[in-house]
Each structure stands twice: as structure tokens, then as C-alpha cells.
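Student: Sequence:
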Amino acid sequence: MKKSDILFFLFVIALFLPFFISDTIYEWYKSFNAIHGMVMSFVKFAILATLGEMLGLRISTGVYHNKTFGIIPRMVI
1 MKKSDILFFL FVIALFLPFF ISDTIYEWYK SFNAIHGMVM SFVKFAILAT
51 LGEMLGLRIS TGVYHNKTFG IIPRMVI
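Residue numbering for the sequence shown follows this note's numbering, beginning at 1 and increasing consecutively.
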């Protein structure tokens, strides 16, 4: 396992861990999701799709990011 793999997994864990640890954060997430469902669907799609694109790039090329791979433009598209 490369150092970038470990950092990627730590990032994913750090991204989702607060929802498992804190009931307050999870309740805020659920209430915000109920009130602003469309906004949250775009945010969730942007995060999960970008992570999927990065994982696909890692599988095909061996790196998570290269110069031709814009993370923010991929998140928006």
C-alpha cells in the first residue's frame, strides 16, 4: 500500500467519522437534509462522485491526482 492510499483512506474515514461519533452532528445533518434536500443531494453527489473519480483514476493510472485531472471541475460537472 502506498502512502497516498493510506492518506486517501484516512481522509474518507475523517469525512464520515463525525456522523458516527456525534449524535448532534448526525441530527443536524438529518434536519438540514430534510429542509434543504436538493442542496444536500448536490453536495453528496459532488463528494461521492469525486471520490469515485479519484478511485477510478487510482485504479487506472496508479495515482489519485494528476495535472489533467481537475478535482473541482469534476465535482461541479
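Don't take every hint at face value.
[Unchecked claim] As a list, the in silico DSBU-like pairs of lysine-lysine whose alpha-carbon atoms are at most 35 Å apart:
hint: 1; residue 1: Lys3; residue 2: Lys44
hint: 2; residue 1: Lys44; residue 2: Lys67
hint: 3; residue 1: Lys30; residue 2: Lys44
hint: 4; residue 1: Lys2; residue 2: Lys44
hint: 5; residue 1: Lys67; residue 2: Lys3
hint: 6; residue 1: Lys67; residue 2: Lys2
[Claimed, not checked] Listed next, with one range per pair, are the computed distances between beta-carbon atoms:
hint: 7; residue 1: Ile25; residue 2: Gly62; range: 22 to 30 Å
hint: 8; residue 1: Ile72; residue 2: Ser41; range: 36 to 44 Å
hint: 9; residue 1: Lys2; residue 2: Ile35; range: 24 to 32 Å
hint: 10; residue 1: His36; residue 2: Gly62; range: 15 to 23 Å
hint: 11; residue 1: Leu15; residue 2: Val76; range: 27 to 35 Å
hint: 12; residue 1: Lys44; residue 2: Ile6; range: 23 to 31 Å
hint: 13; residue 1: Asn33; residue 2: Ser60; range: 19 to 27 Å
hint: 14; residue 1: Lys67; residue 2: Lys3; range: 14 to 22 Å
Think of the hints as simulated: they come from the structure by calculation, not from any bench. From a predicted model like this one, the values you see are computed outputs, not experimental measurements. Glycine is no exception: its CB is placed at the ideal position from the N, C-alpha and C atoms.
Student: Look at each hint and say if it fits the structure.
Tutor: Hints, one by one, checked against the model:
no.: 1; hint: Lys3 / Lys44; result: 26 Å, holds
no.: 2; hint: Lys44 / Lys67; result: 25 Å, holds
no.: 3; hint: Lys30 / Lys44; result: 13 Å, holds
no.: 4; hint: Lys2 / Lys44; result: 27 Å, holds
no.: 5; hint: Lys67 / Lys3; result: 19 Å, holds
no.: 6; hint: Lys67 / Lys2; result: 20 Å, holds
no.: 7; hint: Ile25 / Gly62: 22 to 30 Å; result: 35 Å, violated
no.: 8; hint: Ile72 / Ser41: 36 to 44 Å; result: 19 Å, violated
no.: 9; hint: Lys2 / Ile35: 24 to 32 Å; result: 41 Å, violated
no.: 10; hint: His36 / Gly62: 15 to 23 Å; result: 38 Å, violated
no.: 11; hint: Leu15 / Val76: 27 to 35 Å; result: 19 Å, violated
no.: 12; hint: Lys44 / Ile6: 23 to 31 Å; result: 25 Å, holds
no.: 13; hint: Asn33 / Ser60: 19 to 27 Å; result: 33 Å, violated
no.: 14; hint: Lys67 / Lys3: 14 to 22 Å; result: 20 Å, holds
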